[in-house]
Amino acid sequence: MSFHPRMDYAPATFHTSARTLAEEGEPFAFTPEHQASFDDNVARYPPDQRKSAILFALYLAQRQQGYITGAAMRHVAGQIGCTAAEVEDVVSYYTMFYTKPVGKYVLNVCRTLSCALLGAERLTESLCEALGIEPGQTTPDGEFTVIEVECLGACDRAPVVMVNDDWHERLAPERAAEFLEDIRKRGLPACSGCHLDVERDATR
Amino acid sequence: MSAQPGTAFEPVLTRHVREANSFALDSYLKQSPGYEGLRKALTQRPGEIIEQVKASGLRGRGGAGFPTGLKWQFVLKDTPKPKYIACNADESEPGTFKDHVLMERNPHLLIEGCAIGCYAIGARVAYIYIRGEFLHVQEILEKAIEEAYHAGYLGKNIFGSGFDCDVYVHRGAGAYEAGEETALIESLEGKRAQPRIKPPFPAVEGLYQCPTAVNNVETLCNVPFIVLNGAEWFAALGPEKNGGPKLYCISGHVERPGVYEASMHTTLRELVFGEQYARGMAGGRAFKAIIPGGSSVPILLDKDLDTPASFDGVQKAGSLLGSAGLIVMDDSVCMVWLAMNLLHFYRHESCGKCTPCREGGDWLYKLLQRVESGEGREKDIDLLFGVASNIVGKTLCAFGDAAATPVLTTLNLFRHEFEAHVREGRCTLPAEWRTSRPVLAH
Chain A
1 MSFHPRMDYA PATFHTSART LAEEGEPFAF TPEHQASFDD NVARYPPDQR KSAILFALYL
61 AQRQQGYITG AAMRHVAGQI GCTAAEVEDV VSYYTMFYTK PVGKYVLNVC RTLSCALLGA
121 ERLTESLCEA LGIEPGQTTP DGEFTVIEVE CLGACDRAPV VMVNDDWHER LAPERAAEFL
181 EDIRKRGLPA CSGCHLDVER DATR
Chain B
1 MSAQPGTAFE PVLTRHVREA NSFALDSYLK QSPGYEGLRK ALTQRPGEII EQVKASGLRG
61 RGGAGFPTGL KWQFVLKDTP KPKYIACNAD ESEPGTFKDH VLMERNPHLL IEGCAIGCYA
121 IGARVAYIYI RGEFLHVQEI LEKAIEEAYH AGYLGKNIFG SGFDCDVYVH RGAGAYEAGE
181 ETALIESLEG KRAQPRIKPP FPAVEGLYQC PTAVNNVETL CNVPFIVLNG AEWFAALGPE
241 KNGGPKLYCI SGHVERPGVY EASMHTTLRE LVFGEQYARG MAGGRAFKAI IPGGSSVPIL
301 LDKDLDTPAS FDGVQKAGSL LGSAGLIVMD DSVCMVWLAM NLLHFYRHES CGKCTPCREG
361 GDWLYKLLQR VESGEGREKD IDLLFGVASN IVGKTLCAFG DAAATPVLTT LNLFRHEFEA
421 HVREGRCTLP AEWRTSRPVL AH
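Line order of the protein sequences matches chains A and B.
Each residue of the first sequence is one higher than the one before, counting from 1 in my numbering.
Each residue of the second sequence is one higher than the one before, counting from 1 in my numbering.
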């Protein structure tokens with residue numbers, strides 16, 4: 001049985017690659033602190049296996065300028081001792097690296113089953129409605145980006161949202177707008193965290 | 001059933017997690033094993049440790065349930081190459097969040113397990129591969145490692161035994177596939193997380209082409225207890241071949257979701273409805289179905305719930321214990337929607353290396369989207385079955401089978417729901433029951 005659609009072979013549109021070139025961006029080099037941090041990390045691996053530090057280097061680059069540009073990839077390639085193509089290969093595979101500018105706060109809404117059972121889809125809708133954007137977009141003021149992500153591994157605290165590197169648990173769709181206001185006011189401390197936070201609970 | 005009524009089970013792994021500062025070294029030293037497992041291990045020969053782990057019957061807690069002692073025994077001994085432990089802390093299987101708790105609240109237990117593992121297989125470096133999203137957990141873990149170095153539980157000449165051991169944390173960057181053992185190794189080497197052809201298995205050629213044991217966090221956390229309390233003690237905690245304590249992650253429509261530790265005598269029904277566990281269905285709704293081992297395993301129904309939640313018990317009931325992520329669903333859940341939700345996951349996470357999984361996952365998602373939105377045709381149901389069956393067994397790693405499972409299991413148990421969608425041109429559950437929104441194009 002064939003389930004493949006009928007296809008005209010080799011028309012003009014056939015095999016047009018969706019690949020877009022990375023933005024070149026400003027000239028890039030690690031700050032001295034990031035350079036020291038990288039040198040420290042790369043020492044964890046055997047001397048002939050510097051490539052193992054590539055994810056760490058990319059996190060540093062992303063922290064330094066918010067997203068990863070062509071110039072940053074080239075700099076990382078120089079640090080590792082591999083080709084820029086190898087770096088791009090890695091950047092394009094992992095979801096936590098951004099190749100376009102993102103908002104000051106990136107709301108990663110978990111959309112996989114356990115969170116979805118408790119309203120993650122409506123949560124994304126509420127967040128997007130309050131911000132006037134679609135999933136994947138950034139608000140015009142550059143404050144918020146909403147991204148739907150797959151299972152974050154905190155299914156007992158569904159629905160879960162990861163804001164940059166912080167977490168907020170059990171965010172009811174009805175409270176989405178309130179949560180955004182809270183972030184605007186207080187920044188990341190508005191996030192509840194996602195801990196079995198015995199120490200915090202004891203002080204309540 | 002062999003379930004022990006009243007469950008006199010004392011938590012082992014999570015015994016202290018609710019105590020204040022349980023993650024700090026001074027708290028850990030007051031607990032068992034408190035690095036006494038490592039101290040004892042270093043007085044024995046590595047081979048003896050492997051024999052003990054084998055005798056305990058410890059099975060890998062990551063999903064496959066492979067005996068840990070055997071895995072260690074397979075690690076090539078006579079080689080000039082260094083050997084490695086790669087601890088799998090990628091925890092990405094939907095419905096699984098047990099390692100999260102262990103690393104956050106009891107990081108020293110994992111460090112001790114890593115050190116004993118290294119000693120047993122003759123390695124001196126362990127890498128803990130943690131998923132990129134767990135930065136808050138990583139910070140706790142790194143701090144604990146620093147404490148362990150300062151106190152002499154890691155580093156050079158531990159306990160004066162001449163054994164050196166380094167433990168490093170390696171942060172991933174968002175890829176479910178990195179949880180597959182060879183893909184994890186690729187990612188550790190700084191490449192895309194894509195699986196390798198096996199054999200050679202990691203025990204022979206793993207990280208940097210050197211012999212490597214890849215073990216789950218919970219697996220390694222059990223090791224110090226086995227060394228300290230003995231293989232018999234461990235085996236006696238559960239049914240035959242399913243010994244030791246087990247962490248269960250319960251999520252979905254239950255009253256009290258969370259991580260619960262129990263023996264593998266405990267039945268699925270006790271875990272879902274038991275007073276000391278998840279306390280039954282939220283809002284008093286009716287139970288519909290359960291996925292007992294993370295999203296990659298077949299669904300079980302109410303009639304299967306009296307099965308012991310052990311590797312063998314759940315397998316006998318027609319599913320797998322997998323990572324012990326129990327996802328519970330009430331009667332408001334549309335099974336076509338469920339399959340669509342999970343195929344969105346698998347489509348997104350497929351690493352793209354094998355064609356059946358990369359292309360098949362996408363086709364399955366599109367077909368499910370069509371059926372769920374009420375535009376499905378009758379032949380789409382057979383088509384779903386055909387595409388899913390053509391993925392199973394045709395990929396390098398188990399991801400392909402995992403991606404096909406949600407479709408095959410829902411078709412098998414809830415085919416009437418698919419047929420109703422096609423016949424009625426819409427989802428047949430009352431609209432107000434729907435947890436899902438209308439399908440959005442994306």
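Think of the hints as simulated: they come from the structure by calculation, not from any bench.
Heads up, the beta-carbon is just placed ideally off N, CA and C, and yes, glycines get one too.
A hint or two may mislead.
[Stated by the list, open to error] A partial selection of chain B residues facing chain A, derived with a Cβ cut-off under 8 Å: (1) 91; (2) 96; (3) 253.
[As the list claims (entries may be wrong)] Listed below are the simulated DSBU-like cross-link pairs for lysine-lysine, each with C-alpha atoms no more than 30 Å apart in a straight line: (4) A:51 / B:156; (5) B:198 / B:316; (6) B:316 / B:77; (7) B:241 / A:51; (8) A:51 / A:185; (9) B:198 / A:51; (10) A:51 / B:40; (11) B:366 / A:100; (12) A:104 / B:40; (13) A:104 / B:191; (14) A:51 / B:81; (15) B:191 / A:100; (16) A:51 / B:191; (17) B:353 / A:100; (18) B:40 / B:198; (19) B:143 / A:51; (20) B:198 / B:353; (21) B:30 / B:40; (22) B:81 / B:241.
Chain A contact restraint for residue 253 (chain B) - C-beta distance below 8 Å: holds, 6 Å
Keeping to a limit of 30 Å between CA atoms, is the pair of residue 51 (chain A) and residue 191 (chain B) held or broken? Cα-Cα ~8 Å, so holds.
Given the hinted pair residue 104 (chain A) and residue 40 (chain B), is their alpha-carbon gap at most 30 Å? violated, 50 Å
Hint check: residue 366 (chain B) vs residue 100 (chain A), CA-CA at most 30 Å. Holds or violated? Answer holds: residue 366 (chain B) to residue 100 (chain A) is near 28 Å, not above 30 Å.
Would the pair residue 198 (chain B) and residue 353 (chain B) pass a check requiring their Cα atoms to be no farther apart than 30 Å? holds, 14 Å
Could you grab the alpha-carbon distance between residue 51 (chain A) and residue 156 (chain B) and see if it respects the 30 Å cut-off? At roughly 26 Å apart (the allowed maximum being 30 Å), residue 156 (chain B) and residue 51 (chain A) satisfy the hint.
Is it true that the CA of residue 191 (chain B) sits at most 30 Å from the CA of residue 100 (chain A)? holds, 22 Å
30 Å limit on alpha-carbon distance, applied to hinted pair residue 30 (chain B) and residue 40 (chain B): Distance ~17 Å between residue 30 (chain B) and residue 40 (chain B) Cα, so the pair holds.
Would you check the hint for residue 40 (chain B) and residue 198 (chain B), treating anything up to 30 Å between C-alpha atoms as holding? violated, 35 Å
Need the status of pair residue 198 (chain B), residue 51 (chain A): alpha-carbon distance at most 30 Å? holds, 23 Å
Hint check: residue 198 (chain B) vs residue 316 (chain B), CA-CA at most 30 Å. Holds or violated? Within the cut-off at roughly 28 Å; holds.
Hinted pair, alpha-carbon criterion (30 Å max): residue 316 (chain B), residue 77 (chain B). Please report holds or violated. violated, 36 Å
Violation of the numbered hints given earlier is confined to hints 6, 7, 8, 10, 12, 18, 22; the remaining hints are satisfied by the structure.
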